[in-house]
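**Q** Here is what each chain is made of, one letter per residue.
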Amino acid sequence: MNGNGRKERSGDEAIRLLAPQILELLKGVHQIELENFAMDVGDLELFIPMGAVSAAPVRNDAAPARVKPVELIAEEYVPQSVSYPAKVREVVLGATKGSGGSRCRSITIGGATAPAYSAFSTTPDKPPAIALDVFDMEVQLPKVLKENVSEVMGDPAEWARMNVKKFGADLVTVHLTSTDPLFRDTPPKEAAKTVEAVLQAVDVPLIIGGCGDPKKDSLVFSEVAAMAEGERLLLNSVTLEMAEAKTLEPVARAAERYGHAVLAFTGLDLNSAKELNRRLYEYLPPESIAMDLTTVALGYGLEYSFSIHERARYAALMGDTELQHPVISASTNAWGAREAWMKMAPEYGSRELRGPVWETINAVTLLLAGIDIYMMMHPAAVLTLRNMAARLGTPGGQYPGGAGDWVGVRL
Amino acid sequence: MNEAREEGKRRKGIREISPIDVYKLLPATNCRECREANCMAFATRVVNGEILLTDCPPLLTPEYQEAFVRLTGLLAPPVRAVTFGPEGNTVTIGGKYVLQRHEFTYHNPPPIAIDVHDLMAEGELLERVQKISGFSYNYIGRSLALNAVAVRCTSGDPVTFRDAVKKVTGACSLPLILCSPDPRVMEAGLAACRDRRPLICAADTGNWKPMAELALQYRCPLVASAPGNLSALRSLVRTLLEYGVEDLVLDPGTSGDAGLSATIGNFTAIRTEACRNFDPLFGFPLLGVPMAVWSGDEISEDVLRWKEAVTASVLLSRYADLLIMHSLDGWVVLPQLIWRFSLYTDPRKPVSVEAGVKSFGKPGRDSPVLITTNYALTYFTVESDIKAANLDCYLIIVDTGGLSVESAVAGRYFNAGTIAASLTENKVPELVSHKTLILPGLAARLSGETEEATGWKILVGPKDSSGLAQFLRSRWPPEA
Chain B
1 MNGNGRKERS GDEAIRLLAP QILELLKGVH QIELENFAMD VGDLELFIPM GAVSAAPVRN
61 DAAPARVKPV ELIAEEYVPQ SVSYPAKVRE VVLGATKGSG GSRCRSITIG GATAPAYSAF
121 STTPDKPPAI ALDVFDMEVQ LPKVLKENVS EVMGDPAEWA RMNVKKFGAD LVTVHLTSTD
181 PLFRDTPPKE AAKTVEAVLQ AVDVPLIIGG CGDPKKDSLV FSEVAAMAEG ERLLLNSVTL
241 EMAEAKTLEP VARAAERYGH AVLAFTGLDL NSAKELNRRL YEYLPPESIA MDLTTVALGY
301 GLEYSFSIHE RARYAALMGD TELQHPVISA STNAWGAREA WMKMAPEYGS RELRGPVWET
361 INAVTLLLAG IDIYMMMHPA AVLTLRNMAA RLGTPGGQYP GGAGDWVGVR L
Chain U
412 MNEAREEGKR RKGIREISPI DVYKLLPATN CRECREANCM AFATRVVNGE ILLTDCPPLL
472 TPEYQEAFVR LTGLLAPPVR AVTFGPEGNT VTIGGKYVLQ RHEFTYHNPP PIAIDVHDLM
532 AEGELLERVQ KISGFSYNYI GRSLALNAVA VRCTSGDPVT FRDAVKKVTG ACSLPLILCS
592 PDPRVMEAGL AACRDRRPLI CAADTGNWKP MAELALQYRC PLVASAPGNL SALRSLVRTL
652 LEYGVEDLVL DPGTSGDAGL SATIGNFTAI RTEACRNFDP LFGFPLLGVP MAVWSGDEIS
712 EDVLRWKEAV TASVLLSRYA DLLIMHSLDG WVVLPQLIWR FSLYTDPRKP VSVEAGVKSF
772 GKPGRDSPVL ITTNYALTYF TVESDIKAAN LDCYLIIVDT GGLSVESAVA GRYFNAGTIA
832 ASLTENKVPE LVSHKTLILP GLAARLSGET EEATGWKILV GPKDSSGLAQ FLRSRWPPEA
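The listed protein sequences correspond, in order, to chains B and U.
Our numbering puts the first residue of the first sequence at 1, with every later residue one more than the last.
Our numbering puts the first residue of the second sequence at 412, with every later residue one more than the last.
Bear in mind the hints are in silico, worked out from the structure with no lab data behind them.
Just to be clear, a hint being listed does not mean it is correct.
What the hints assert, rightly or not - From the structure, some residues in chain U lie toward chain B, with a derived Cβ separation under 8 angstroms:
#1 Gln-511
#2 Leu-641
#3 Ser-706
#4 Trp-717
#5 Pro-746
#6 Ser-753
#7 Ser-770
#8 Lys-773
#9 Gly-775
#10 Ser-818
What the hints assert, rightly or not - Cβ pair distances, simulated, as ranges:
#11 B/Ala-226 <-> U/Lys-874: 32 to 38 angstroms
#12 B/Ala-86 <-> U/Glu-538: 20 to 26 angstroms
#13 B/Ala-380 <-> U/Asn-449: 41 to 47 angstroms
#14 U/Gly-424 <-> B/Ala-74: 26 to 32 angstroms
Unchecked claim - Counterexamples of contact, computed for chain U against chain B with all Cβ distances above 10 angstroms:
#15 Asn-449
#16 Leu-537
#17 Arg-563
#18 Cys-564
#19 Asp-568
#20 Thr-571
#21 Glu-653
#22 Arg-729
#23 Ala-800
#24 Thr-829
#25 Ala-832
#26 Arg-856
#27 Ser-858
#28 Gly-866
#29 Lys-874
#30 Ser-885
Ideal Cβ positions, reconstructed from N, Cα and C, are used throughout, including at glycine.
Taking the hints into account, I'd like the entire structure generated from these sequences.
**A** And the structure:
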């Protein structure tokens, strides 16, 4: 346009003269380069037919003859309640003496009827259940985590007891890490003994973690399922890899036969999650399946986990039956981020605080996306998550007066 | 309000706008001045948010003025984009198209402002401003930083406030938010930073008239504040719009304590009405104030910082477009900067780097060969560790669709097959005379199947690449 011999003027000035709608687009969204954009006022007067712009929202243009209001114009806000056609299934974990197990209580996860903490729900959100981790061998842990558990490391039963008594775990996850053929290759019978010892040490429901090898996990889970008949364990996890290795069926059948639930684990892909569930429906009732859609650490892809959980929950509530399962998050994975455990320059704070806050933010972020049950490590993260869930889950909670007080507070 | 909702129904969401809707209003000359193949290709990329209307030069000429205005209206985000700050260093907030990021993508990462107040001693004030403008963190090759200073009036005195604003403007070029409910104080502050176009915080149901006058006079955006009362907030917005103030920011109140449920509920309600129903009174950026936790009863500063960190992250996830924080401690700020960056990446495009093979230092025929995935953070982390340790080596980057090693192993994007293919495709056997591959520690379980599939010997490397140098010292060259 400049080549047409028109008068040059600064981009900003030209834009101020344009209609508000253009202003809106140009001001924002993308950082627009304005230097090539110049326009003569005459053009604008000729070419902007304001009345004809029907697609744009009617906003107040900058007409100089405006009558300024002298009083506040009253508007009302009426909350809109939204209901969803479907709900998430409930899965019961742990069985009491009355129902064939030996736990002091069972825990029901799932049952959501609306997106978590959405303000449109008529029923309060159920607080998530929290499982604390126990490993069956010495594992490498960040210093901040290790100092809490160093006395019980290597003794899963003691460790489990501490998780329940000292840190208030709702459930305990027993990771049978040592069964990994790459580590100790602990045989299934011995792994089942470890689980038995933990069952005797604590009376909360248990989650049983495998080593990730589809063949070995199948053997271990089947053994553990039979040994703990009726306890309603959550077997963590079954995968599409197992389906490939033809080991899914025996595990699923063992879970069904001995009264346990399974955790269907897939890597950040809803189609895979649905496919795995479809395969599991052949062997198990849907009420025995929870999903692990993968939890990635803050800074390493937490946003993928966040979005996939938001998508899954919304689809479930809109009627996708293959996704109507409660979801788990291993916020322990937050410790994989180096910002959580590494010593850094002083301006980034001590890792004693940075690590726990990392796990906390990982957990709380996914709480908003609808997590029903957590696998966690640090006591401060557990405490904060419980507090947050309690606060967020009290709908219509009184808004304290003076939330604007921060402006004048002397710090 | 019903009128407002009716008005909203005539609009289309960004996902409902088809390339045809845009194409119909384009010049349709296929002139290729935009460097796209034709006008339809241009329309498609505009609808995807990849390029802008202003990338079409003919559209900016008088001939297509009407079409430009109509297209602008068609593509306007339901949440207005508001800009403040000095020329050359502005921040833009809002401009959102969707409620959830997976529906499209979020635009305009929320700036994080840190507070100072006018009763701070000069030295303390200047030191704090220095710290705010100096804070940065290098994350996957990008520098993450704090973005603004919120100057609060705690003195109640216009002259004291003016002096504080002057000191801050003298010490940094960051955008400012001026915070006081008193119009006399606000005017003194505005007069002290005329060229900065600060954000005025805030107009409420009591002071709205003089605050609106100031916003018009100084041409600054204005925060409309009605903590915990959405009817009052709507009244305020409607009134300010009628008054002629268009660049508004909404403050529905922040509480990190008992009012957290109401806070998140209000943020969610406002953003839902804006994005789902195109409500014009709620179609503005949202101000979240994590520093509100500091006005509660808690005494322990570490507890307050902890609360502020968690509240800030929740507000980022739940639609805040701008944050005002008090804590400057790295462990509080760092997770916010990283979460903000993550949340605002385009979910349609994984953050990834190109697959291939890279050489570091001066690798020879007996140098180690490492392998990793093409997730940007994974790659940049490994790269910086290799460089820091001055290693001579080759690094194969496998296309895992931008997933990290752990996720890619779980999702089977990183497996014996893709590893074997990458060795062949990158002609790795021609680069070195040995047949040993170092797998990431997090892919340890693939070692057996990979040895079978490739015929290479596998060494399982450290779980975190910060351990590479140590690992190679003890394990390279491998024993025969």
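**Q** Find the hints from earlier in the document that the structure breaks and name them by number, from lowest to highest.
**A** Result: hints 7, 8, 9, 12, 13, 17, 18, 21, 22, 26, 27, 29 break, sorted rising.
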